[in-house]
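Model the placement of chain B on the given structure of chain A, informed by the hints.
Keeping their order, the protein sequence lines are chains A and B.
When the first sequence is numbered by the numbering used here, its final residue is 319 and no position is left out of the sequence of numbers.
When the second sequence is numbered by the numbering used here, its final residue is 319 and no position is left out of the sequence of numbers.
It is possible that part of the hints are untrue.
It does not matter which identical chain is meant; a pair holds if it fits inside one copy or across any two.
Simulated crosslink set (EDC-like; lysine to aspartate or glutamate; CA at most 16 angstroms straight-line) [unchecked claim]: (1) Lys207 with Glu143; (2) Lys40 with Glu297; (3) Lys40 with Glu9; (4) Lys207 with Glu314; (5) Lys207 with Glu255.
These aren't lab readings, by the way, just hints derived from the structure by calculation.
Keep in mind that this is a model prediction, so the values were computed, not measured.
Number of protein chains: 2
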Amino acid sequence: MSATTTTTELERIIAGDARAVARAISKVEDNVEGAAGLMKSLFPHTGRGLIVGVTGSPGAGKSSLVDKLAMLYRSRGERVGIVCVDPSSPFSGGAILGDRIRMQTLGLDAGVFIRSMATRGHLGGLARASVDAVSILDAAGYEKIVVETVGVGQDEVEIVKTADVSVVVLVPGMGDDVQAIKAGIMEIGDVFVINKADREGVLRTEKELEALMSLAARGDGWEPPIVKTVATENVGVEALAAAIESYREFLLKGEANLARRASVARWRILELLRERLVERALGGEGADEQLDALANEVAAKRRDPYSAVEEFLEVSEKQ
Amino acid sequence: MSATTTTTELERIIAGDARAVARAISKVEDNVEGAAGLMKSLFPHTGRGLIVGVTGSPGAGKSSLVDKLAMLYRSRGERVGIVCVDPSSPFSGGAILGDRIRMQTLGLDAGVFIRSMATRGHLGGLARASVDAVSILDAAGYEKIVVETVGVGQDEVEIVKTADVSVVVLVPGMGDDVQAIKAGIMEIGDVFVINKADREGVLRTEKELEALMSLAARGDGWEPPIVKTVATENVGVEALAAAIESYREFLLKGEANLARRASVARWRILELLRERLVERALGGEGADEQLDALANEVAAKRRDPYSAVEEFLEVSEKQ
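So here's chain A without its partners, still in its complex pose (with noise of 0.2 angstroms):
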């Protein structure tokens, strides 16, 4: 065990402590020393939660319907972790503006434990700290963690297919834009949902989703259920909950689950040596200040991008 992982620290979070929980969280977040440690004493305790990951357009209502979810969960007696990741929300506090709207459906609860994550800087890192807030959770004994995506984007696509469900919501009739996004997450999506189903269009997106799926086979057996939802009247959540447990017991049941186990920790691995070499090729003497000066003479146009990267391992590695 790390230094600085107390027992007690750990015990706190073990026994579900959402205070113990939410400080872990900022740690992971900030990636401080100690974090690695903290995850490391975790891990055995990593596991026993669901992970359903829900991904789609914006404008999709993708966040009441994550919260109708998790009311649900709530009322079968089922604590409920969420985990809301919103890459954009540095340039303007959006992370805090989502928590606020949320908390005033769900934050009185003490049963759901709800956390916007953030892109800290120019590092990255965010997809590594939202899947470590994920397994904080899991250890927390968080019977249901949700993974939410506010944009949709590469990280947001690979934070979504870390989740044992993956949930791609869409909504009927919004474009072309949408129609290319559709075809984009066809893969990800163990359940599909179209929300807003009171709306226009619906036959004619359904109808679409089931072309798109008829061409991207999956290979594994499994066809993705299509639910029709209406989250801000709670029209269809039972249905897209049996849909996310009926993809449970089908992985349950079968050889994919360990494959994508092992998808998953292939990517985490690399997520977690990208950050690793990145710091440690930062964190020599001098290095931002070296960095500052090949960045300015890049901006002058007296070097290329390229030629300043070879200049920056060649210093490092002479240290």
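Same frame as chain A, but now just chain B:
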């Protein structure tokens, strides 16, 4: 000059030969040997074109808007390059689909070059490759280069920030998630567009946007204009081009330009550095097998991801 960059290849790109440009972009996308050498030799020829970044909510009609803007530039006799960043496309060929749709409108015009950039597996590099593609088009003498994102995630925001002028496209009334995104992308917008401005709710969106802007002061004295467009009917496109031009003129007058270029250069160096370090770490003998073995151990819960990375780094350093 690198051995794999022949004078002829370089000359053909600088002469604006579309096939040479396409091949060069494939090189940086696949990150093959010689790609770095090519980028180095092209660097002195960059910095002439105007790079316009376009992002915004899916369904906002970004593609139509970019197409109409491209047509306007064409009518003024300028050559236009379009780089479309589509992180989701590896899953189901989204990039190819997007290109095909595009081609119907613009593809027959030799003065327009369109390229979609997709993620290449787990190793990332999409952001670096997209920005390299923009540099290639710049070196090839395209007067306007538009870099457009399909998703709205962390990487997409970073890519759009590398442009000379960043345009954020919104659409009236799309719900809460969009509110969150609006807050998040406020600081990257030099010009805002409310597209589909013939729809209900334009005034409300405009008011919200103004309110958000008044909260987030930029510090450089620029007040981002809000342009209303109906891209499908070619309404407001001239006003958008004028707003883009006015920001360019603002940049040329002040200090902001150099600071922006330095920050873009720093980001490019970091992206390249990250990629190089991971490549080197995974390029060692047996590295891939070791990674697979560690991933399997983590999946089987015999080892945690943090210890796996430490083990990996230890082995790779002994070599």
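Indicate which option fits the pair Lys207, Glu255 if close means a Cα-Cα distance not exceeding 16 angstroms: within, between, both or neither.
neither (30 angstroms within a copy, 54 angstroms between copies)
Evaluate Lys40 and Glu297 at a C-alpha cut-off of 16 angstroms and name the case that applies: within, between, both or neither.
between (42 angstroms within a copy, 14 angstroms between copies)
Regarding Lys207 and Glu314, is the shortest C-alpha distance of 16 angstroms or less found within a copy, between copies, in both, or in neither?
Neither way: Lys207 and Glu314 sit 56 angstroms apart in one copy and 52 angstroms across, limit 16 angstroms.
Check Lys207 against Glu143 for me: Cα-Cα at most 16 angstroms, and say if that holds within a copy, between copies, both or neither.
neither (34 angstroms within a copy, 42 angstroms between copies)
When Cα atoms must be at most 16 angstroms apart, do Lys40 and Glu9 count as within-copy, between-copy, both, or neither?
Cα proximity of Lys40 and Glu9: one copy only (13 angstroms, versus 51 angstroms across).
Checked against the numbered hints listed earlier, the structure breaks hints 1, 4, 5; every other hint is satisfied.
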